[in-house]
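Chemist: Chains C and F supply the protein sequences, listed in that same order.
Each step along the first sequence adds one to the number in UniProt numbering, with nothing skipped, and position 29 is 29.
Each step along the second sequence adds one to the number in UniProt numbering, with nothing skipped, and position 62 is 62.
Treat the hints with caution; some may be incorrect.
Which copy? The list can't say, so a pair holds if one copy fits it or any two copies do.
Calculated cross-link-like contacts (lysine to any residue; reagent style SDA-like; alpha-carbon spacing at most 20 Å) [to be verified]:
| # | residue 1 | residue 2 |
| --- | --- | --- |
| 1 | Lys142 | Tyr190 |
| 2 | Lys95 | Leu105 |
| 3 | Lys53 | Thr27 |
| 4 | Lys53 | Asp90 |
Note that these hints are calculated values from the structure, not bench results.
Number of protein chains: 2
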Amino acid sequence: MLTAKGAATRDRIVTAAAAEIRERGVTAVRLDDIGRRSRTGKSQLFHYFPDGKEQLLLAVAEREAERVLEDQEPQLGQLTSWEAWHEWRDVVVEKYRRQGVNCPLGVLITEIGRHTPAAQAVTGRLLEQWQQRIAAGIADMKAAGEIRAEVDPARASAALIAAIQGGVAILLSSGSSTHLEYALDQCLDYLGANAS
Amino acid sequence: MLTAKGAATRDRIVTAAAAEIRERGVTAVRLDDIGRRSRTGKSQLFHYFPDGKEQLLLAVAEREAERVLEDQEPQLGQLTSWEAWHEWRDVVVEKYRRQGVNCPLGVLITEIGRHTPAAQAVTGRLLEQWQQRIAAGIADMKAAGEIRAEVDPARASAALIAAIQGGVAILLSSGSSTHLEYALDQCLDYLGANAS
Chain C
1 MLTAKGAATR
11 DRIVTAAAAE
21 IRERGVTAVR
31 LDDIGRRSRT
41 GKSQLFHYFP
51 DGKEQLLLAV
61 AEREAERVLE
71 DQEPQLGQLT
81 SWEAWHEWRD
91 VVVEKYRRQG
101 VNCPLGVLIT
111 EIGRHTPAAQ
121 AVTGRLLEQW
131 QQRIAAGIAD
141 MKAAGEIRAE
151 VDPARASAAL
161 IAAIQGGVAI
171 LLSSGSSTHL
181 EYALDQCLDY
191 LGANAS
Chain F
1 MLTAKGAATR
11 DRIVTAAAAE
21 IRERGVTAVR
31 LDDIGRRSRT
41 GKSQLFHYFP
51 DGKEQLLLAV
61 AEREAERVLE
71 DQEPQLGQLT
81 SWEAWHEWRD
91 VVVEKYRRQG
101 VNCPLGVLIT
111 EIGRHTPAAQ
121 AVTGRLLEQW
131 QQRIAAGIAD
141 MKAAGEIRAE
151 VDPARASAAL
161 IAAIQGGVAI
171 LLSSGSSTHL
181 EYALDQCLDY
191 LGANAS
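Throw the hints in and build the complete structure from the sequences for me.
Modeler: Below you can see the structure in the form of structure tokens.
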């Protein structure tokens, strides 16, 4: 367990590393620059990240994963009206459109190694939390009679997560948000059809 | 332009390279082994691929992209009944389930460089052809009165492509086909709802 001060220092290091990586790219980033930016010395860096750069990259990936969800708030956490759903849809599209072909989390996951257990844990946890919030929104809308009873929140939220991941993957390669938008719109159409 | 014999030799080289890469991985593959397997000498290899390994990898990526569509035939080319659509859905799920976390095309695209124009052209063309066939199937089903008039083939096919890409991306990282299946099922539910 870290003390409050220790946690703050660790947090400063991760924030500095995330900023350096966003600015210079993950391959060009150097521990020296992270130390300077976070005002921590080498010995402190290695105290918090004894395994060095790999371990630090993983911490930055976790931070970027949290940011993916934060960027969708407050809408994602309160999908209790169609207005909120459509606002959330616009926030997601706008976030990824702004981001364009550069996905900070994707870059880190590729660097850590897409098939390593550590990288898979980060993406797995992100998708799970994301999907849970969407499922909660679907359940709320069902309870309010806005989504028909036969829609299964677990299945429909999984489909929505797949739609977003696919739309974003195509955006990352093509630069166009069209697929992301059509996929999201169709999922919302599906949820909104024939409400009781 | 290649002569028929030249085209056959080039084809043999690409087939051998694809097999070597599938067996040994893209980083371990050597031109010597490809030459031995295709029964071509170094000078022939460089005649057909003067820029060397990079150019050959691109040709293999194009071959793997064609294979993605071939694997879905004959169903993908004749989506003219609900039976055909559900068969196609099962073929897609089975193909990616069998493939598991190893995507031959994805490995090549990563190696060539996801953001290079050459790699983007290969994936762009693949997604476009894939989507066109799905859109043709939707148009056929609309003409037969099996899909309601307000469904737009261009938008619905884009949503389906995004659903597949997202489901496969999640399968590649998690090993589970659940997202792919739920996403496909929901798209088919959407298409099939309230047909005239």
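Chemist: The structure should be examined with respect to each hint, and the outcome stated for every one.
Modeler: Against the structure, the hints come out as follows:
1. For the identical chains of this complex, Lys142 and Tyr190 are neighbours both inside a copy (13 Å) and across copies (18 Å), given an alpha-carbon limit of 20 Å.
2. Taking the closest pair of Cα atoms, Lys95 and Leu105 come within 20 Å of each other only inside a single copy of the chain (14 Å); across copies the shortest separation is 28 Å, beyond that limit.
3. In this assembly of identical chains, the alpha carbons of Lys53 and Thr27 lie at most 20 Å apart only when taken from the same copy (11 Å versus 24 Å across copies).
4. Taking CA atoms no more than 20 Å apart as the test, Lys53 paired with Asp90 passes in neither setting, with 36 Å inside one copy and 43 Å between copies.
Checked against the numbered hints above, the structure violates only hint 4.
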